[in-house]
Every structure is written in structure tokens, then in C-alpha cells.
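Engineer: As a plain string of letters, each chain reads:
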Amino acid sequence: MDVDMIFKIAAIGIIVSVLNQLLVRSGREEQAMLMTLAGLIVVLSMVVTQISGLFTTIKNVFGL
Amino acid sequence: MTMSEMLIAATGILLCAAMLAVMLRVQKPELALCLSLGAGALVLFLLLQQLTPLLATMRRMLSMADFPSEYFGVVLKAAGVCMLTQLTADTCRDAGENALASKAELVGRVLMLVLSVPLFEKLLSLVVTLINGQVMSE
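Chains as they are written, first to last, in the working numbering: chain A, 1 to 64; chain B, 1001 to 1138.
Treat each hint with caution, since some may be false.
Claimed, not checked - BS3-like, lysine-lysine: derived pairs with alpha carbons at most 27 angstroms apart:
| # | chain 1 | residue 1 | chain 2 | residue 2 |
| --- | --- | --- | --- | --- |
| 1 | B | Lys-1122 | A | Lys-59 |
| 2 | B | Lys-1103 | B | Lys-1077 |
| 3 | A | Lys-59 | B | Lys-1103 |
| 4 | B | Lys-1122 | A | Lys-8 |
| 5 | B | Lys-1077 | B | Lys-1122 |
In case anyone wonders, no lab produced these hints; they're calculated from the structure.
Using the sequences and the hints given, assemble the complete structure.
Structural biologist: And the structure:
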């Protein structure tokens, strides 16, 4: 659990959107879509780890 | 981490995440959603770390009062269900999926009912015992 994760996600989002615009402007729509998808997958894998940590903590604290 | 540090940390994390999410929402709404979900999970995690000693103290106080601990367990479980349901429903609503959010809330309500029905049954049986005792004594 780290605050850096939030900044990492934001940075990935900014980089992905800039590269997306570049690829769209240069006429490579498919690669732009793949770029978006890759960014989403990377961010999702980070968030899923966080969420699973949260679930484990909630299970332990509340005895679910 | 003391209480004031926790407050400052939560405020900082949430405000930063809100600004970054607003910035991202124009270009990539799905990444903004991921970011707000991650920030929410992080803050809840910090909160739960603060909550653990408090819960231990409450358990100790209740055991001093000879209060059956299973009732407190039910209350705690209900609080956990509420937390998870609220997180899910809010995230769904942020994503613009109001139908999914209300489904999440429905799941939470039903689970709460499942948790509390045994307690209600005990209360009801106590009431029945009391009424029968009164009738017999008359």
C-alpha cells in the first residue's frame, strides 16, 4: 500500500493519452487502440493488487 | 501513525487523487475510474490500520461487561459488508452505471438481512418466552 501508486496511475494515464493522440494523428488507429488497452491492463493489474489487499484486511478486521 | 498524521495523509491522498482523476477524465475516463478506485482502497486500508486497536479496546470493554461476543461480531460483520458495498456502489455510480450500483446495494441489503436474521430470531424467541411465562403465571 503506497501513495506512489496513485501518481503512477496518473502518469501512466497521461503518457497513454499523449501517445494515443500521437498515434491517432499519424493515422495508426489500431495501434492507438492497442496502446489504450495496454495502459488499461497495466493500471488494472496494479489496482487489483490493491483491492485484494483491502479485501484481505477487511476480512481480518471485521471477521467476515 | 498518529491520528492527525492519518487525517493529513487521507486529505492529501484524496485531494491529489481527485485532481489527477479530473485531469485524466477528459482523455481516459476508464483510467480515471481506476485511479479513484485505487485511492479509495488506499485510504480505506489506512483507516482500517487505525481501526484495529480501537476494535481490540472495544472487545476488551465488552468482555468486561460480560456481553456475549457473538453479537459484537455480527455488528462488525455488518460494518464490513456496508464498507465493501458502499465502495462498490460508489465506484459503479462514478462509472455511470447506476443499475449496477443499485444491484450492489441490493446485495449488501440482502447480506445484512442474512446476518441479522439469527439475532432477530433470538429476540423473537425471548419475547415468546416472556409472553408465555406471563400467561402461565396468571
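Engineer: Each hint: holds or not?
Structural biologist: Hints versus structure:
Taken as a hint, the Lys-1122 of chain B and Lys-59 of chain A pair is honoured in the structure, with Cα atoms around 26 angstroms apart against an allowance of 27 angstroms. For the hint pairing Lys-1103 of chain B with Lys-1077 of chain B, the CA-to-CA distance comes to about 20 angstroms; that is within 27 angstroms, so the pair holds. Simply put, Lys-59 of chain A and Lys-1103 of chain B have alpha-carbon atoms about 22 angstroms apart, close enough for the 27 angstroms limit, and the pair holds. Taking the CA atoms of Lys-1122 of chain B and Lys-8 of chain A, the gap is near 51 angstroms; set against the 27 angstroms cutoff, the hint is violated.
Restraint check for Lys-1077 of chain B and Lys-1122 of chain B: satisfied, since their Cα atoms lie roughly 18 angstroms apart, inside the 27 angstroms limit.
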